[in-house]
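A.B. asks: Here is what each chain is made of, one letter per residue.
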Amino acid sequence: MNVMESFKMAVSNIRTSKMRSFLTMLGIIIGVAAVIVIVGLGNGMEIYMTEQFESMGTNTLSVSIYGRGTGRTVSDEDMYDIVERNSDALELLSPTVTMQSPAKIGTETITSTSITGVSEDYFTIKDYDVAMGRGLQYVDMLKRSRVCVVGTYLNQEYFGGNALGQTVKIGGTPFTVVGVLNEIGDSTEYSSDNAIFVPYTTAARLSNMGTISSYTVTVTDVNNSTWSKGVLEKELFDIFEDENAYTVISMAEILDLMTQMLDVMITVLAAIAAISLVVGGIGIMNIMLVSVSERTREIGVRKALGAKERYIMSQFVIEAATTSAIGGAVGIAFGQGLSSLATVIIVNALDTDLTVTPSAGSIALAVGISVAIGILFGYLPAKKAARLNPIDALRHD
Amino acid sequence: METPLIAFEEVSKLYHMGDSIVVAADKISMEIYRGEFVAIVGQSGSGKSTCMNIIGCLDVPTSGRYLLDGQDVGKMNKNQLAEIRNKMLGFIFQQYNLLPKLTLLENVMVPLMYAGVPLRERKQRAMDALESVGLASKYKHRPNQLSGGQQQRVSIARALVGMPSVILADEPTGALDSKTGREVLNILQGLNQQGNTVVLITHDNSIAATAKRIIRLEDGRVIYDGPSDDPKAFVRGGMAAGETGGAPA
Numbered sequence: 083m084n085v086m087e088s089f090k091m092a093v094s095n096i097r098t099s100k101m102r103s104f105l106t107m108l109g110i111i112i113g114v115a116a117v118i119v120i121v122g123l124g125n126g127m128e129i130y131m132t133e134q135f136e137s138m139g140t141n142t143l144s145v146s147i148y149g150r151g152t153g154r155t156v157s158d159e160d161m162y163d164i165v166e167r168n169s170d171a172l173e174l175l176s177p178t179v180t181m182q183s184p185a186k187i188g189t190e191t192i193t194s195t196s197i198t199g200v201s202e203d204y205f206t207i208k209d210y211d212v213a214m215g216r217g218l219q220y221v222d223m224l225k226r227s228r229v230c231v232v233g234t235y236l237n238q239e240y241f242g243g244n245a246l247g248q249t250v251k252i253g254g255t256p257f258t259v260v261g262v263l264n265e266i267g268d269s270t271e272y273s274s275d276n277a278i279f280v281p282y283t284t285a286a287r288l289s290n291m292g293t294i295s296s297y298t299v300t301v302t303d304v305n306n307s308t309w310s311k312g313v314l315e316k317e318l319f320d321i322f323e324d325e326n327a328y329t330v331i332s333m334a335e336i337l338d339l340m341t342q343m344l345d346v347m348i349t350v351l352a353a354i355a356a357i358s359l360v361v362g363g364i365g366i367m368n369i370m371l372v373s374v375s376e377r378t379r380e381i382g383v384r385k386a387l388g389a390k391e392r393y394i395m396s397q398f399v400i401e402a403a404t405t406s407a408i409g410g411a412v413g414i415a416f417g418q419g420l421s422s423l424a425t426v427i428i429v430n431a432l433d434t435d436l437t438v439t440p441s442a443g444s445i446a447l448a449v450g451i452s453v454a455i456g457i458l459f460g461y462l463p464a465k466k467a468a469r470l471n472p473i474d475a476l477r478h479d
Numbered sequence: 039m040e041t042p043l044i045a046f047e048e049v050s051k052l053y054h055m056g057d058s059i060v061v062a063a064d065k066i067s068m069e070i071y072r073g074e075f076v077a078i079v080g081q082s083g084s085g086k087s088t089c090m091n092i093i094g095c096l097d098v099p100t101s102g103r104y105l106l107d108g109q110d111v112g113k114m115n116k117n118q119l120a121e122i123r124n125k126m127l128g129f130i131f132q133q134y135n136l137l138p139k140l141t142l143l144e145n146v147m148v149p150l151m152y153a154g155v156p157l158r159e160r161k162q163r164a165m166d167a168l169e170s171v172g173l174a175s176k177y178k179h180r181p182n183q184l185s186g187g188q189q190q191r192v193s194i195a196r197a198l199v200g201m202p203s204v205i206l207a208d209e210p211t212g213a214l215d216s217k218t219g220r221e222v223l224n225i226l227q228g229l230n231q232q233g234n235t236v237v238l239i240t241h242d243n244s245i246a247a248t249a250k251r252i253i254r255l256e257d258g259r260v261i262y263d264g265p266s267d268d269p270k271a272f273v274r275g276g277m278a279a280g281e282t283g284g285a286p287a
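Chains as they are written, first to last, in my numbering: chain A, 83 to 479; chain B, 39 to 287.
With the rest of the complex left out, here is chain B (with noise of 0.2 Å):
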């Protein structure tokens, strides 16, 4: 049987918040699978942001297993998180996170100067991912010479240019109107219709259906996980829907 790409076993994540425990995340058991194109949805407190920062390899497990193409990450220290990030993940950000001192070009640089690619390929590879998402002609900009919409775009090749396993894209339509941001998921559903996977974390339903699958998050827990195309996708459950509170988003 083929490998899971990402697989979380019993996976918890507890904070601490003054002399409370709060469970971001409550034993919660997942498998996605190369070439899927995931949607994790849930509402703010739902556990969905924790779920995307251990995915991320940003944050770790308190109890369970994350495994990432069959590595364990919380057995990692801070050096190879790292490096798993700038190998395995590429980020799109709600708030694109373009470092505005630099050039569109040297930003899609970012990933490949750590991963240590020579000058040159990475100017080229740079220059072929901005060309994939449209804005090779305006390498030489610097982000806020963009539009919103314009500086996704940049940072979805930046998430692209080192060819990562996983393309975690966190609320990617959030800061922007919704004719961008459909745009912007079309560029998504293109991505993953190419081979990739593509893993989206929002509240927005209308989003969520554009990936194949969802998994649905409530309190910490999964309370769906099927095909985007079955009524039941959309439906919250439980009577705490909504009220949770507490959990950080």
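Isolated chain A, as found in the complex (with noise of 0.2 Å):
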């Protein structure tokens, strides 16, 4: 008598009776299906929200000056000395200057496209590549020239794919196309490919801005930009002597806070979902005490046969963690159906690609869970089986 023949004994059992089995099963199989899909959805979002940071570049810090009202400002050569000076921490700058005016080519006004003003170490800090012509250079910053790159939408709408030498007009003033960057988007309008890049000298003297106000810096380590914020922000606070002055926001600062507060929320969620895994438990035990009484004539009878206490006990335990096991299996397969099911609608509703992605561990911490239940809640019946006297157990009806 081992646990083999316990388990087949079980599933038979549990053959015998397929309506009921399922019934008890069914809190498991809910329970688990629901931990999986939760975890995966949590695992889909944070997955997805830490490519659109990285794309945004994680070791990147952005840094905006309000000023004081007084007199006291940051220039950009300041913000040039601050990077220089502290180069074990930060390492390339890029102020970026946003432009209102519209763009337009030919005849064409473009009001969706964006205009920025940056600095030649821009497409190097976001990682862009140039497909065509050149990118912008220190040159084209000293002489505040009326040059500019475009992103791949404008390409080939407008321009045909043949953009270099092209002229686009913002705000009236003609700029000279000597660049095309490489897909970032995915080339519809309302992606990143819809963009101007221009010298962020001439920008500012076309906007008329006095001093810039927003800058992209990068950091030496990523997994030290906390410590590059705080040595910017030192800087910055010492020419300021004012917190308001100024922010910078670290990229991998607010994934981590967006990446934790994500992870409380899907622990919390999917704790509510591990409820319905105990009301799934206590379901099989109410089952096994019915099964119980309603075999008390059967343990009397393997007991007159010479089973021991604790083969009685193991058969029942086995019986109670089979079932649950079988309902964890369901439950992952119901899991695994109802995340797909989830992301397909996610992606077609709400047009973004996020994956509803179930991990291993928590599929695993399921099937253990619902085992353990199994166990945990098939203990009492199962010892109240074994202790029940043989020659009672005989006589009852």
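Which bits of chain A does chain B cover? Going by a derived footprint, with three or more residues having C-beta under 8 Å, they are:
#1 87-96
#2 377-391
#3 466-477
27 Å max Cα-Cα, derived DSSO-like pairs, lysine-lysine:
#4 B:K139 x A:K466
#5 B:K161 x A:K90
#6 A:K251 x A:K225
#7 A:K465 x A:K100
#8 B:K139 x A:K100
#9 B:K113 x B:K65
#10 B:K139 x B:K178
#11 A:K466 x B:K113
#12 B:K125 x A:K90
#13 A:K251 x A:K186
#14 B:K161 x B:K125
#15 B:K178 x B:K161
#16 B:K250 x B:K217
#17 B:K250 x B:K125
#18 A:K466 x B:K116
#19 B:K161 x B:K139
#20 B:K139 x B:K125
#21 A:K100 x B:K178
#22 A:K465 x B:K139
#23 B:K65 x B:K116
#24 A:K90 x B:K178
#25 B:K178 x B:K217
#26 A:K466 x A:K100
#27 A:K316 x A:K208
#28 B:K176 x A:K90
#29 A:K90 x A:K466
#30 A:K90 x B:K139
#31 A:K208 x A:K251
#32 A:K465 x B:K125
#33 A:K465 x B:K116
#34 A:K465 x B:K113
#35 A:K466 x B:K125
#36 A:K100 x B:K176
A few chain B residues facing chain A, derived, Cβ under 10 Å:
#37 D97
#38 K116
#39 N117
#40 I122
If you're looking for bench data, these hints aren't it; they were derived computationally from the structure. Virtual Cβ for every residue (Gly too), placed ideally from N, Cα, C.
Got two chains here, separate frames each, mind docking them using the hints?
C.D. replies: Here you go:
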């Protein structure tokens, strides 16, 4: 009499009362599926978010300068000085000047495109590659050249793929296209590919902007971005002596923060889903208790034929564990199916590429929990069965 | 001298029923030797069921000693009792008590499973046992597909399969008509002739007469112990006959 035989016996018992077994398992099935889908959803969101943030660059700091209303201010030269002085913490700098003027290509005015004044390092910072022509250069900054680099969307839609050497008018000023970027997003109107980059000096001049208030800085070590951020903040504080005069935002920090929040949320949701596992477990205990009283006579016979208490005990515990393990397995399949379905729905409804990704860990956990629940909630009925007095049990109808 | 297989030494069993104490067995002493065919006879309340529970190691005496093949059963724990039941006793019940979800073969295999016999040997021995009661061809059937007499034959096969020292039959014909009952008794007689020790518990004199020796109980005491061909074996003793009440059957 070993575990294998108890298991076979359990399976045949489950099979002889299919409906009852299924209903008993239902709690576990729903619980496991819910845990898998919720954790999968959380995983998917985390992966999606991380991708989004990484495309913005987790090694970057975004600096906004508000000033204090006094004469004290920070110019782009000051910022370059700060970065140079702290080369152990900070690496590349690009001012970012957003231009509001509409762009005009030929006779067509394009309002949807984003026009940004950036430095020669911006494409390196953003990890953009130039597909055709050249990027922006230092000399363009010095000379405030009227040149620009455009995204693939503009190149394809407005220049028929031959943007180089063509002209874009921004706020009435003609710019010569010197470069075209590789595809960044998906080349649609609402992606990062609908963009024009000009030298920041030119942009600042055309926008009549005295000082530039927005910068992107890269850190030397992405794992130390908090420290780099501190270095930059200290420099800015030394100038303004006011924390409200500037903000430095670290993408890595935001990502960390959001990931943490998401983790907490997922844990809470998974815990709520896990409650249904407990309810399922109680269902198993209930049905096992019924089963023990229905089978009192059988237990008596088995004891008369020489079954020791531990055999009876293991028979019922294994039966409960098998029931919940089968429930767990069905729950996994169900959860996987639901995850795929949820992915399809999310992709179609929200037009994002979020994939519900159940983790191997959550699946292992769900199975572990369901078997543990079976054993835990099977124990009490099994104990009751094992303790039955064989004489009384034999007399039982 | 040969050790008796079953030896009761002033075995008493007391039950608490509410506030009163019921004496179900009152200093019963008896010895049953290997190869005997003994019927323990008595009316309801005579103490025969208590006797059968003690012989079957389902219960232990309150006082006195019960030696099964020289071993003191009263000193055993639950696990040892289970093992003794498995190895030394073969039960035949009035209600057959086959497990309804198992096939006949599986039913007969149960005692061997608890004895730890390997599966292959278990199947072989169970088939042989079914063969010996003439039901080998129905080994895949379930108990509810059989008549009462057939079910009882399966339960005899189950009792035999572990090659026990004692076959203990508790009212084995109680649920059968007289013809099939007679068949079952013939099988028991046959088993005895092959050398098995058979203890038959019954309230019915005509059935008890099948045995070679009769132990008659009344009010928890032995009032006759002798051969079944002695007319005194079937005489009820004392004035309290049939009106004892109180004690559990």
